[in-house]
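K.L.:
Here's the letter readout for the chains.
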Amino acid sequence: MADLVLENLTIKYGSVTAVDNLNIHVASGEFLTLLGPSGCGKSTSLFAVAGLNHATSGTIRVGDRVLFDGNPNNTVPPEKRNIGLVFQSYALWPHKTVAENLAFPLTLRKIGRAERDERIKEALGLVEMLPYADRYPFELSGGQQQRVALARALVYRPPLLLLDEPLSNLDAKLRERARVWLRELQERLNVTTIYVTHDQAEALAVSDRIAVMSMGRMRQLGTPREIYERPADSFVADFIGSSNFFDGTMIENGTDKARIRLADGSEIVTPPGAAGKDGSVVVAIRPEKIELSSETGPNTMRVSIDQRTYLGSVWQYAVRSGPIEFRIQTPAELKEDSILVRIPQGHCAVFPDKPGAN
Amino acid sequence: MTDISHPGTAGRGIDRSRAIYWGVAALTTILVFGPITPIIFQAFLDKPLYDDTAVVTLGNFSRLFSEPGMAGVFFNTLYFGALTMIVAQVFGAVMAVLVGRTNLPGRKWLGEIFIWPLFVSNLVIAFGWFTMYGPSGFMTLAAKTYLGGAPWNLYSVTGMGIVAGLSQAPLTYLMCLAAVTKADPLLEDAARSTGAGPFRALFSVTIPMIRPAIIYSAVLNFVVGIEMLAIPLLFGGPSGIQTVTTFLYNAGINAAVRPEYGIVGAAAVILLIVVAFLVWLQGFLMKGAGRFVTVRGKASRPSTLDLGAWRWPAFLFVFAFAFLTIISIFGGIFMRSAVSFLTPLIPFWKVLTTANFEHVLGSANYVRSIVNSVLVATIGAAIGTFFILVIALVARRSDFRHSRALEYIALFPRSLPGIIAGLGFFYAVIWLPGADVIRGTIAVLILAFMIRYIPVGFGAIAPALAQVGEELDRGARISGADWWTTVTRIIVPILKPALFSCYALLFIHFFKEYVTAAFLYQPGSEIIGTTMLQLVAQGDNGPVSALATIQVVITAAFVIIARRVMGAKIYG
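Sequence order for the protein chains is A and B.
Under the numbering used here, the first residue of the first sequence is numbered 1, with each subsequent residue one higher.
Under the numbering used here, the first residue of the second sequence is numbered 1001, with each subsequent residue one higher.
Bound-form chain A, shown alone:
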């Protein structure tokens, strides 16, 4: 297995910069997810690693092999990169059986018949598709095709596995099972893996680390916990899970805490953060982190309940305090029109601007 290094990777199409100065070091055996909304450049980056897109500048290195050294005329063609890639549409060759799909890359590598059959068996065994070796792709369900696609990408034992939204064509229930299974398989094979998805729940569930991307740039790189609990900016806070954003003004910004005046006139204490030039800030807090309170105190506010939505595992309430509207989530069913809530200081994050502004 090998590590993957992207240094200053930039991909431009004419005047459009699809990927801007991406720097990631994926450790050997690591499972790294590129996460972001569509058009953020995550698939473009993935295909540049595969050699199916042409990078403009920067470096791509797998282990000690340089695949791209910044010279667009000197890239290693995809067929010489020895990388496994699973496509969103699976891209199984319709005129070949499952076994023949797996045999093709091995034949290209001039692997003898006996060993080839052995490897096909092994790879199909890994994805539990051995009984389907002689089927054609159209005779398989979506989930089965996805497993075969994975087997085909693994059968030649590449040091690096790339997955382009491989679960997005499966139905919700199957997707949840497939991601657990996928992660187990990856850990067992210890293959360095880059996973592209726009589904944040999937990213949080399977990744060692997540790189959140937006508009061609990497916004944050960290473990799922870091990404969720300490978002680097309001875009990440908004895109991963969901957050309430309060407009406010910085009154005092200390080393361990800050005081902020909100639009309804109340003051709350938050962790320190950067403010805009005019002292304006936004405070992000996740709906499920807001607590119900029985007594007034620091960081509490009285809110009226505008709307109640039953979500199954929790209730979500749309509440307001003067001009501030936000959502809270709690398992408790609240009958009151007006309640007291507390914004826990430790779960707040302070940013200079709202998502979308940056």
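For the record, the hints were derived by calculation from the structure and aren't laboratory data.
The beta carbon of each residue, even a glycine, is placed where N, CA and C say it ideally should be.
Hints may contain errors.
[To be verified] Examples of chain B residues toward chain A, derived with CB under 8 Å:
id : residue
1  : 1359
2  : 1466
3  : 1469
4  : 1474
5  : 1475
6  : 1478
7  : 1479
8  : 1480
9  : 1482
10 : 1490
11 : 1493
[What the hints assert, rightly or not] Here are the simulated lysine-lysine pairs, PhoX-like style, with alpha carbons at most 25 Å apart:
id : chain 1 : residue 1 : chain 2 : residue 2
12 : A       : 80        : A       : 110
13 : A       : 96        : B       : 1108
14 : B       : 1182      : B       : 1287
15 : B       : 1569      : A       : 96
16 : B       : 1569      : B       : 1108
17 : A       : 277       : A       : 257
[Unchecked claim] Beta-carbon label-pair distances, calculated as ranges:
id : chain 1 : residue 1 : chain 2 : residue 2 : range
18 : B       : 1561      : A       : 118       : 43 to 51 Å
19 : A       : 27        : B       : 1189      : 55 to 63 Å
20 : A       : 15        : B       : 1496      : 23 to 31 Å
21 : A       : 122       : B       : 1554      : 49 to 57 Å
Use these hints to put chain B onto chain A, whose structure you have.
P.N.:
Frame of chain A; chain B shown alone:
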């Protein structure tokens, strides 16, 4: 798991994919421009191309325009082309709507009949019209005898234009049929739900959506009209009416007697420019046709309109069209081949004879022309399919830097009238060093036909290629296959049905071709079309109809086999 070292198969030293890109691009460019270049040179030289003392001049053009009657020739050509287009569009579009979207009785078999003419050359069709509607044709005599007069005169530009239009209507029919049957019925349903009656919905929603098909086939038929040889030759010849193609044909054929290289070159260049402009215009008019595209992946059955009391009158109209312009034409050829003298005045069985077929089959030259036609079509279509396939793969499925340019060049022969392709190859084999070895062989015919019909084959392969998802290529590349391995092992097997269709279309086109061969054949390399041209000139109508019958029968047999056995899609 252990790491396998880098795949060793892909690329050995030099990059073979790139060698293929450049090789195909160079070959295509030479083959397409090879025949055009000498014509253009000749148009601006005062002596034959191969004469070293020739100097550049514009004299050919001034001579061409000062030639008496030349203005008339150009006018005839344009009028003939325009009339062909109008007649073909009106009948073709009406037939398409009636057959495609109404409950016309017998629409299934009528629809089959409408595409027959597309399988045979317009030389055969023209001869059929001559046999039936010519001055002493079967229908003409019958009308004179039983109705007291035949109000048509094919030996006029108007007459020729109507005949050409009626015989081109099937092309319009085919294109409009595809458009009316593929139009999303949901759109009509939407019009119905807003309160439009069924006819209103058809006319307000569906008919406008077939506009691209009508525009496209209109320009196509105009081009077909101005580059058509058979009808002007058969009907214009006796009454001294010339079009640009018959002028080129006569001047070219008689070149040995009257050296008119310069004028021929100049006229050819003008025809080339006009046709190239029309093809460009076609592309220009089709811009933005995307808003009419309603073809959905989901197969939907278009609803049919109930004609009500008009069902049978409509049937009579459609049947009369099919009978008078198609069935009687083919029937006339078959009948003529089996009798010594075709007339409604003498009972058929009294003049029955096998002499026409004996005449054809007894002559080594005629038999050889049949054999050559079959060889050219069988071998040529195979070579052509392979060549066009590689062009399509490089143009559409490679990272070749000049793939778009290659496609433009490959599709340029759409603007190349058959008579000019023939003339150009005729010059080229004399002019290009080393090309002389194929002069007068069927190899030069195969080459010329292949170039001329690249766009036809490309049209059969490209849409199928577009259906094959790009991930399949990408999956193969990442698995370790280089471009050539990817296309040969992954793409081509998936394309197999389209390749059969391409082969079948090329076979039919090569088998019926005659114009392009007119200047290229020599004793030993004659084909059915050129032999028919010779026999028509001599007025040997019996053997002509026997040859035409043989051509139709072989074509019909091939079409049946291609559809049944190879599953080829030929015209729907």
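K.L.:
Take the hints in turn and mark each one as holding or not.
P.N.:
Results of checking the hints against the structure:
| no. | hint | in the structure |
| --- | --- | --- |
| 1 | 1359 | violated, 51 Å |
| 2 | 1466 | violated, 15 Å |
| 3 | 1469 | holds, 6 Å |
| 4 | 1474 | holds, 5 Å |
| 5 | 1475 | holds, 4 Å |
| 6 | 1478 | holds, 4 Å |
| 7 | 1479 | holds, 4 Å |
| 8 | 1480 | holds, 4 Å |
| 9 | 1482 | holds, 5 Å |
| 10 | 1490 | holds, 5 Å |
| 11 | 1493 | holds, 5 Å |
| 12 | 80/A x 110/A | holds, 14 Å |
| 13 | 96/A x 1108/B | violated, 38 Å |
| 14 | 1182/B x 1287/B | holds, 20 Å |
| 15 | 1569/B x 96/A | holds, 24 Å |
| 16 | 1569/B x 1108/B | holds, 17 Å |
| 17 | 277/A x 257/A | holds, 19 Å |
| 18 | 1561/B x 118/A: 43 to 51 Å | holds, 45 Å |
| 19 | 27/A x 1189/B: 55 to 63 Å | holds, 58 Å |
| 20 | 15/A x 1496/B: 23 to 31 Å | violated, 42 Å |
| 21 | 122/A x 1554/B: 49 to 57 Å | holds, 56 Å |
Of the numbered hints stated above, those contradicted by the structure are hints 1, 2, 13 and 20, listed in ascending order.
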